[in-house]
Amino acid sequence: MELKDLIKPENLVYGKSRLLEEEIMHYCPGCSHGVVHKILAELIEEMGLQEKTIGIAPVGCAVFAYNYIDIDWQEAAHGRAPAVATGISRLMPDKFVFSYQGDGDLASIGTAEIMHACNRGENILVIFINNGIYGMTGGQMAPTTLEGMVTATTPTGRDVARNGYPLKITNLIAQLPGTSYVTRQAVHTAASARKCKRSIKKAIQNVLDKKGTSFVEVVSTCSSGWKMTPVASNKWMEENMIAYYPLGDLKDSVKGENVLEN
Amino acid sequence: MGEIRLMKGNEVLGEAAIRCGCDGYFGYPITPQSEVMETLMQRAPWNETGMVVLQAESEVASINMVYGAAGTGKKAMTSSSSPGISLMAEGISYIAGAELPCLIINVQRGGPGLGTIQPSQADYFQAVKGGGHGDYKLIVLAPASVQEMNDFVDLAFNLAFKYRNPAMILTDGALGQMMEKVELADQKPRWTDEEIKKISGDWATTGKPTSRKKNVITSLEMDSNVMEAKNRRFQEKYKLIEKQETRYELIQCDDAEYILVAFGTSARVCQKSVEIARAKGLKVGLLRPITLFPFPNAVIKELAHKAKGFLSVEMSAGQMIEDIKLAVYEAGSNARVNYFGRMGGIIPTPGEVVDALENKFYGS
Numbered sequence: 001m002e003l004k005d006l007i008k009p010e011n012l013v014y015g016k017s018r019l020l021e022e023e024i025m026h027y028c029p030g031c032s033h034g035v036v037h038k039i040l041a042e043l044i045e046e047m048g049l050q051e052k053t054i055g056i057a058p059v060g061c062a063v064f065a066y067n068y069i070d071i072d073w074q075e076a077a078h079g080r081a082p083a084v085a086t087g088i089s090r091l092m093p094d095k096f097v098f099s100y101q102g103d104g105d106l107a108s109i110g111t112a113e114i115m116h117a118c119n120r121g122e123n124i125l126v127i128f129i130n131n132g133i134y135g136m137t138g139g140q141m142a143p144t145t146l147e148g149m150v151t152a153t154t155p156t157g158r159d160v161a162r163n164g165y166p167l168k169i170t171n172l173i174a175q176l177p178g179t180s181y182v183t184r185q186a187v188h189t190a191a192s193a194r195k196c197k198r199s200i201k202k203a204i205q206n207v208l209d210k211k212g213t214s215f216v217e218v219v220s221t222c223s224s225g226w227k228m229t230p231v232a233s234n235k236w237m238e239e240n241m242i243a244y245y246p247l248g249d250l251k252d253s254v255k256g257e258n259v260l261e262n
Numbered sequence: 263m264g265e266i267r268l269m270k271g272n273e274v275l276g277e278a279a280i281r282c283g284c285d286g287y288f289g290y291p292i293t294p295q296s297e298v299m300e301t302l303m304q305r306a307p308w309n310e311t312g313m314v315v316l317q318a319e320s321e322v323a324s325i326n327m328v329y330g331a332a333g334t335g336k337k338a339m340t341s342s343s344s345p346g347i348s349l350m351a352e353g354i355s356y357i358a359g360a361e362l363p364c365l366i367i368n369v370q371r372g373g374p375g376l377g378t379i380q381p382s383q384a385d386y387f388q389a390v391k392g393g394g395h396g397d398y399k400l401i402v403l404a405p406a407s408v409q410e411m412n413d414f415v416d417l418a419f420n421l422a423f424k425y426r427n428p429a430m431i432l433t434d435g436a437l438g439q440m441m442e443k444v445e446l447a448d449q450k451p452r453w454t455d456e457e458i459k460k461i462s463g464d465w466a467t468t469g470k471p472t473s474r475k476k477n478v479i480t481s482l483e484m485d486s487n488v489m490e491a492k493n494r495r496f497q498e499k500y501k502l503i504e505k506q507e508t509r510y511e512l513i514q515c516d517d518a519e520y521i522l523v524a525f526g527t528s529a530r531v532c533q534k535s536v537e538i539a540r541a542k543g544l545k546v547g548l549l550r551p552i553t554l555f556p557f558p559n560a561v562i563k564e565l566a567h568k569a570k571g572f573l574s575v576e577m578s579a580g581q582m583i584e585d586i587k588l589a590v591y592e593a594g595s596n597a598r599v600n601y602f603g604r605m606g607g608i609i610p611t612p613g614e615v616v617d618a619l620e621n622k623f624y625g626s
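In order, the protein sequences belong to chains A and B.
Reading the first sequence from the start, the letters are residues 1 to 262 in my numbering.
Reading the second sequence from the start, the letters are residues 263 to 626 in my numbering.
So that you can see chain B by itself, here it is in the shape it has in the complex (with noise of 0.2 Å):
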């Protein structure tokens, strides 16, 4: 058993990556994710495990630090909230053209614009279909607990390595500011130069010794054919990882005329809801998505063939819904989908999600 604390979502973020042997930080303070570099500077890990921790410029800069520092084949992260995502969006686009695996953590807030600092999942699309320019996609993980954003942070790199690969986090203010309960893990060592050249070897920048070919890291290719070639690649290599990946929680679904899918703090708030729903008789379930790509898309389908249908509970005005719709449509069944949701910062009731589940479904 770990060392268990009383921790907040965005201290947790900085413990994990030092104790699961992250080589590198780079950071903009943004509300609502301060704390992360701030308990990374607290903490000072140079000293015990030789990770560095830097203050950037800015998020445009911290985003290709970490592009550098991932091209190295080390464990290379940053974190942000919504706008400075929005900055980082060109360097994450060349990190997923360039196939370095690397951390992205967006501890969201209401938008757009400046927006608000409280908490939101109005990045939903900017993360899952791809916010920079390009076809590609990030390998998204959405925690819904303080535990979970301890966990995520050494699986998301594993899988960014697995699958060369730049992986986020996306979580919200709400997660991010909140303490809970958190069994912390061991410190694992950072990798050895020896670990690095045998994981890594054959595309970081280590520097060339004679014995192999020079590493160059790009994502440029001026020849179509080559570079069609390679889009093609890259969509392989999705298409496995939703094959491969997928990760989500059901909850009293079996028996659901009704289930609510939400992720992050909407499904803290839907696991509630299911609890006052199934207290008044109604047949109602919670599907979770862990990986909000790869989308749980197989699930819904089965699903879909069994309940009368779902209601998409986010704090957006509805982007997750567009995905489940799709699913529902492949998998041809007549399922009606719904969506309820706050935005601007506000999280919904769980009084409130059950009253929409009345009024679309059951109407009363």
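Next comes chain A alone, as it looks inside the complex (with noise of 0.2 Å):
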């Protein structure tokens, strides 16, 4: 038997989302980038959302995030995407509006922009990958970044003396009454990639529900940043990050407020 004649639809167990393009993502290996992208891409499709779906791209790595999904995509200015996706939504107020923003670019210049969205309760979702590192521009200090962690700009480790300490804006965010749904996952095995797209889609739930913002972080790698292999990368990421940035729902406000004091 040739593979010609195993490539048939009976013998399908897993195919792509038809909304994910015919891209090479520009993602380095091991970034977690590439599954979350799969991820909104499979819900958008399973949950029947193209037509009402606009995205917000963010600068950083995932500026070219309009590359990679068959959707409408706007792409903001650093840090602002939240405001650009409330200009959408408020517009048009019965389609299906997400952010998607990296560390720096929505816990450090755009904290003004995330923190108010989610305060006057936009009804759209934030996706927030946090690796804890600038990907972009060649892995110097975010927010995020651990203590002790090595960068461009922190050579010998952070030294929150002098830069202040890692910052766990999404439990900031759950404290929030106009967030409905603030969760904290990771997609590094694929037990917790399965996980995620759980907690997305419930959160894309809620925006078309109209409940408020939902707000999912997701705990990512940063291999090239963080000057790891892939594998490495996961360790230490399930070592350190996880550690600092437990995994689990911050808020469901379905279930009552903040289940878990992360």
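These aren't lab readings, by the way, just hints derived from the structure by calculation.
Every value quoted in this text rests on a predicted model; they were computed, and no experiment measured them.
Warning: the hint list may mix true and false statements.
What follows is a set of in silico ranges between Cβ atoms, one per label pair, in the way DEER data are often shown [what the hints assert, rightly or not]:
| hint | chain 1 | residue 1 | chain 2 | residue 2 | range |
| --- | --- | --- | --- | --- | --- |
| 1 | A | Arg18 | B | Glu265 | 27 to 37 Å |
| 2 | A | Arg18 | B | Gln506 | 51 to 61 Å |
| 3 | A | Pro93 | B | Ser473 | 55 to 65 Å |
| 4 | B | Glu300 | A | Pro177 | 25 to 35 Å |
| 5 | B | Pro345 | A | Ala190 | 50 to 60 Å |
Coverage of chain A stretches by chain B, computed from C-beta distances (three or more under 8 Å per stretch; other residues unrestricted) [said to hold, decoys possible]:
| hint | stretch |
| --- | --- |
| 6 | 52-58 |
| 7 | 123-130 |
All residues carry an ideal CB built from backbone N, CA and C; glycine is no exception.
Got two chains here, each in a separate frame; can you build the complex from them with the hints?
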């Protein structure tokens, strides 16, 4: 039997979402962005939302997210994705609007925009990729960089006396009455990716049900920035990042406030 | 004949936005233009036309909300005053780079820095030369009356959509705060989804149906050759705007030896100065640019062959005078170009302007 004989619809066990474009992703090996993109594309397709969806791409590695998923996109200035999403969502309240931001974008330069969008309870989904580093600009310190972590701008490790503390912005977001669902997930194993997909699905449903802001942090790897192999990155992330940014729901307004005091 | 009222310039800007079928206003309070958003909030147009009015957390957020809203193909706007416009500079550059139509209103106050809350025209350079980064132009309209504050809101949106380019109304605290008689336009309905599809369906992000390619709004391009080509196309568009949209008013310029050039509040002052000068037997006229970009170069070139000199009257240290000098230079004329102005929130008096005219040109 040859390979071509095996490629038949009845033998299909796994397929790429038809919303994922035939583009070669620019992401580095081991990067979490690709998995999160895949999850989003799958959910938008499965939930029949292509015609309703407008995505906001950030400044940072995910700036080219608009090349990879076959939906309408707007590319925002650094940190401003939640304001851009607000403008779109307010004028088209029946659409599904999501923003996609990294840690420098969301938790540093865009702190005001994310806090106020969440505080207004903008009816949007926010995907927050937290890999503790600025990937695109070459591995500088992010607000979420762990204490002691070496980056291009903390060559001897993050010194909290000089640089302040790694920011658990998701915990702050969970305190805001405008948010309905706030969770922290990861995609470094098949199991965690499946769980993350369930969380994002729930977040999307919340937006469709007009429950306010849903916020999904994805604790992520940056093999290039961390200067580790993909496998080592996953291990390091489990032992260090997840230890400081524990996974789980921080708030689920359907179940009750602040289910986890992470 | 439309409804006639006595209104403040700032109030009229809000009222005109509703009546021209604007879909969304996003703003942040700043003196001397806060009445724009206050008027909108009091009118609550969301009950009547469905227009969204939102107080943002900052000017930075306001302009990015406008970016998002404009990306949907709807009529989006913001208003602010000088320091707030500086904060918006990045967003305005993105909007110009992504070619989104929208309206930005600058009710200028004196600077630099926190400056003063009194009227000024010192943001001329910022408005017409860019303000944000990169090679871009705004379509800049300069009203000189409360009536024009009203009329230019609709005009600015029309031009913005015609050229897919952000438009700015550049006014000042005096016009914003003063009350005048105004004839309001009749209420226009907001565009329907079908109309938006027709007007901006090939670029607006409204959700991708299977029948079309995805629409992506971005100013990013990694290939420098493509980026240069895009810039060249922008420059062609700006040239077309210069050719088609230059607006100005000439007052008693036919036999004028000397011509005052002034826009907005300064032009109002200069109208009186022309009367005073004429009464003294001085042959003086006024050129009032209505569009600051495109600047009325052609008419200045023409006048430069007839008149002996130009006096640029500005509420700034002399910014527009550079554009007048350029036009006179391009005309190959020997006409003299001088400046008179006040700064820091002070409006020149008609008499001061005539004095300056006599000192600089008549040697008295």
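Hints versus structure:
1. Our hint of 27 to 37 Å for A/Arg18 and B/Glu265 is violated, since their Cβ atoms are close to 54 Å apart.
2. Under the hint 51 to 61 Å, the C-beta atoms of A/Arg18 and B/Gln506, about 44 Å apart, miss the expected range.
3. Against the hinted window of 55 to 65 Å, the Cβ-Cβ separation of A/Pro93 and B/Ser473 comes to about 23 Å, which falls outside the hint.
4. Range check, B/Glu300 to A/Pro177: Cβ separation about 26 Å, and the 25 to 35 Å hint holds.
5. A beta carbon spacing of about 52 Å between B/Pro345 and A/Ala190 agrees with the range 50 to 60 Å that was offered as a hint.
6. Coverage of the stretch 52-58 of chain A by chain B holds [criterion: at least 3 residues with CB-CB distance below 8 Å; count 5].
7. Only when three residues or more bring their CB closer than 8 Å to a CB of chain B does the claim for the stretch 123-130 of chain A stand; here the count is 0, and the claim is violated.
Of the numbered hints stated above, those contradicted by the structure are hints 1, 2, 3 and 7, listed in ascending order.
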